[in-house]
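These protein sequences, in sequence, are chains A and B. Its first residue numbered 566, the first sequence is counted upward by one per residue in the numbering used here. Its first residue numbered 63, the second sequence is counted upward by one per residue in the numbering used here.
Hints were generated in silico from the structure; no laboratory data involved. All figures in this text were calculated on a predicted structure; none of them were measured in a lab. The C-beta atom is built at its ideal place from N, Cα and C for all residues, glycine as well.
Which stretches of chain B does chain A cover? Using the computed rule of at least three CB atoms under 8 Å from a CB of chain A, they are:
no., segment
1, 107 to 121
2, 131 to 137
3, 277 to 284
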Amino acid sequence: MIAQLILTPFLLGILLYALTEYRRSPAVGLIAVLAAVGGLYFVWVPSHATRLAEFVGIGRGVDLIIYIWIVISLLLLLNLHLKLRAHMELITVLARELAIANARSHRSTS
Amino acid sequence: MGSQAPQVWVVIAAYNEAPVIASVVADVKRAGYCALVIDDGSTDATGAIAAEAGGIVVRHSINLGQGAGLQTGIEFALSEGADVIVTFDADGQHHAADIAVLIDALARQGADFALGSRFLGTSLNQPLSRRMLLKAATLFTRLTTGLRVTDTHNGLRAMTRRGASSINLRQNRMAHASEILHQIAASGLNYVEAPVRIEYSAYSLAKGQKLGDTLMILVDLFARRLHR
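Could you build all of it, start to finish, from the sequences and the hints given here?
This is how it looks when you write it as structure tokens:
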């Protein structure tokens with residue numbers, strides 16, 4: 566139960582993030598939504614994770630690895646998003662400098 | 063501000079506003095202020111029309127968002143010696159007559175920021191859903207900034223040169239409205255609210271924020287706290 570209570574808000578947060586990402590990138594958004602929903606499902610119905618594990622021919626202990634894999638993958642995705650935001654800020658600074666320089670040049674010649 | 067009339071620059075961030083930008087710029091000019099239009103990478107003739115109407119145009123090569131446009135305008139106006147900077151929406155929902163109300167509020171209260179409030183003034187043709195959304199946003203901002211404001215997403219505001227110098231918007235999109243209030247709270251400078259009139263039209267409603275944008279704003283505000 567403790568693991569479920571810790572993982573649930575985290576996965577819900579990732580799900581919200583994934584939904585907002587859907588507009589920017591449908592493919593990434595959809596995969597992230599599926600991963601987050603899948604993670605939530607297996608967190609609350611671990612017996613199905615076991616059945617799935619058995620179905621694909623691996624042991625029950627792998628459940629945990631699946632959870633961790635989902636969490637780490639989505640964290641990497643979040644990190645990538647943050648890096649993109651940081652790059653966007655740099656592009657903004659450049660675009661602003663260029664816009665202001667062009668406007669000043671235009672004003673001084675007119 | 064000295065004894066001379068302050069040099070007022072009205073910053074209008076515009077993206078694809080060709081149908082209305084000429085009348086917005088003309089209104090601001092008629093009221094006696096300098097209209098600075100930030101053409102945010104428009105794909106229509108917004109910039110050319112604004113210039114023809116008498117506005118000073120600064121053009122972003124690419125579309126960055128309203129927050130980025132306002133910051134560009136603030137920096138440009140400061141570099142040109144503005145004493146007072148006013149932010150003004152490009153979609154025609156604001157009234158140039160309210161600029162004087164804000165400037166008067168700055169002078170009378172000795173404040174560095176005058177924030178327009180449609181809830182202290184009037185808002186015409188405001189849909190109930192928009193009203194409820196704005197009320198929720200106001201509650202959220204009051205809780206997160208501690209500022210006792212009545213209208214958080216009103217684009218009509220005035221700031222002194224000192225106030226404008228303390229603002230550095232890094233939220234390019236709609237979350238800048240919350241960010242500016244956070245920065246006002248962090249600056250410790252005085253602010254005052256003043257009643258303004260907002261008139262919604264079919265055009266401004268189509269261009270304005272949607273319910274779905276709220277989630278995006280929350281994500282932007284949260285993400286901003288996750289990286290430097």
